[in-house]
Amino acid sequence: MSNNVIEVKNLVKRYKGTKKLSIDDISFSVKKNEFFAFLGPNGAGKTTTISILTTTLGKTSGEVKIAGLDINKHDRAIRKKIGIIFQKPSLDIQLTAEENIRFHACIYGVFNYMPTFKLMPKAYRDKVMELTKVVGIDSDALFKSVKKLSGGMQRKLEIVRSLIHTPEVLFLDEPTQGLDAESRRSLWKYIDKVRKQLGTTIFLTTHYIDEAENADNVCIINNGKIAACSSPEKLKESLLKQELILDAKNRDGLIAELSSLNLHFTVNKHIIVPYNKSPQKILAQLKTELSVLKIHEPTLEDAYIEFLKKNNKMEA
Numbered sequence: 001m002s003n004n005v006i007e008v009k010n011l012v013k014r015y016k017g018t019k020k021l022s023i024d025d026i027s028f029s030v031k032k033n034e035f036f037a038f039l040g041p042n043g044a045g046k047t048t049t050i051s052i053l054t055t056t057l058g059k060t061s062g063e064v065k066i067a068g069l070d071i072n073k074h075d076r077a078i079r080k081k082i083g084i085i086f087q088k089p090s091l092d093i094q095l096t097a098e099e100n101i102r103f104h105a106c107i108y109g110v111f112n113y114m115p116t117f118k119l120m121p122k123a124y125r126d127k128v129m130e131l132t133k134v135v136g137i138d139s140d141a142l143f144k145s146v147k148k149l150s151g152g153m154q155r156k157l158e159i160v161r162s163l164i165h166t167p168e169v170l171f172l173d174e175p176t177q178g179l180d181a182e183s184r185r186s187l188w189k190y191i192d193k194v195r196k197q198l199g200t201t202i203f204l205t206t207h208y209i210d211e212a213e214n215a216d217n218v219c220i221i222n223n224g225k226i227a228a229c230s231s232p233e234k235l236k237e238s239l240l241k242q243e244l245i246l247d248a249k250n251r252d253g254l255i256a257e258l259s260s261l262n263l264h265f266t267v268n269k270h271i272i273v274p275y276n277k278s279p280q281k282i283l284a285q286l287k288t289e290l291s292v293l294k295i296h297e298p299t300l301e302d303a304y305i306e307f308l309k310k311n312n313k314m315e316a
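Take the sequence shown: its letter number 196 is residue 196 in full-length UniProt numbering, and every next letter is one higher.
The hints are simulated quantities; they were obtained by calculation from the structure and are not laboratory data.
Check each hint, because a few of them may be wrong.
To be verified - Here are the computed lysine-lysine pairs in the BS3-like style, where the Cα-Cα straight-line distance is at most 27 angstroms:
1) K196 to K133
2) K133 to K73
3) K225 to K88
Claimed, not checked - Beta-carbon label-pair distances, calculated as ranges:
4) L57 to E301: 49 to 55 angstroms
5) D252 to K313: 31 to 37 angstroms
6) V267 to R195: 41 to 47 angstroms
7) D252 to Q280: 21 to 27 angstroms
8) K294 to S145: 22 to 28 angstroms
9) P279 to S27: 35 to 41 angstroms
10) G199 to I295: 34 to 40 angstroms
11) K20 to S145: 43 to 49 angstroms
12) S260 to D302: 25 to 31 angstroms
Think of the CB as a built atom: it goes at the ideal place given N, C-alpha and C, for glycine as much as any other residue.
Input sequences plus hints: build the corresponding full structure.
Okay, here's the thing in structure tokens:
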């Protein structure tokens, strides 16, 4: 039996009245309990892909399976196996936090509706208290009107609501958009907790590339095609080298030394020396006194930009 909870093979989407493919023959898979990040610029195909995976948009061709179920044949069953946090908040602000959770649970057929929290089955009440504890919603906030909750607390509530039916996959579409830095950090702490404690697979789309640094795998989509798909470390290693950033009062002497060591370097504001081996070995050979010494470790954002540049050149 496959360990993949999401399988996408040769997926194509063409909107009516357009010649260009929105999704152009993409394939990827996501394992159970994996943190998978799906990145790309605006118009790249992220929203179209996640809409197809969550059964809200039909595909033109290709194969998609969620939790082993074919999306063409089992769309209703798939909806019960996934949770979604949309880019824009989708809570009913006139209801309390708990009422939002309760209605969601009843819509999914997990529990029969009762008019108050106390009248709901013990299994429901226990599940709500378990999830709210995981994400940091106290009992006071749980019974408050949603419109009285902060943006960060509302996002936490959306996580609880999306998990009440115990989905195998949680789709996060720009989950931290509009939140301040502290709320973003707090929300990710709780999402990570949910994944570890409940074994939920996380599928993320985001414009904040740093949020994908801790992903198990990252897929970059551009112009409807997959530009790269691997772990963050492998993506960085495949395109980028670590760099020494150097300078000296005797810049000419430093340049002469680097040249004598047959090291490749560029001279701009400072002297940039890419390296694959230990930087200490390079530094140990330098006699010139340095006025600037920094080590630049490439980030996922650096790799993301490089892959987009490379992909755009190939498309041109």
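Taking the hints in turn, this is what the structure says about them:
1. K196 to K133: holds, 14 angstroms
2. K133 to K73: It is violated: about 37 angstroms lies between the C-alpha atoms, which goes past 27 angstroms.
3. K225 to K88: It holds: about 26 angstroms lies between the C-alpha atoms, which stays within 27 angstroms.
4. L57 to E301: 49 to 55 angstroms: violated, 29 angstroms
5. D252 to K313: 31 to 37 angstroms: Holds, at about 36 angstroms.
6. V267 to R195: 41 to 47 angstroms: Holds - the Cβ-Cβ distance for V267 and R195, about 46 angstroms, lies within 41 to 47 angstroms.
7. D252 to Q280: 21 to 27 angstroms: holds, 24 angstroms
8. K294 to S145: 22 to 28 angstroms: violated, 51 angstroms
9. P279 to S27: 35 to 41 angstroms: For P279 and S27 the Cβ distance comes to about 38 angstroms; the hint holds.
10. G199 to I295: 34 to 40 angstroms: holds, 38 angstroms
11. K20 to S145: 43 to 49 angstroms: holds, 45 angstroms
12. S260 to D302: 25 to 31 angstroms: Since the Cβ atoms of S260 and D302 sit about 30 angstroms apart, the hinted range of 25 to 31 angstroms holds.
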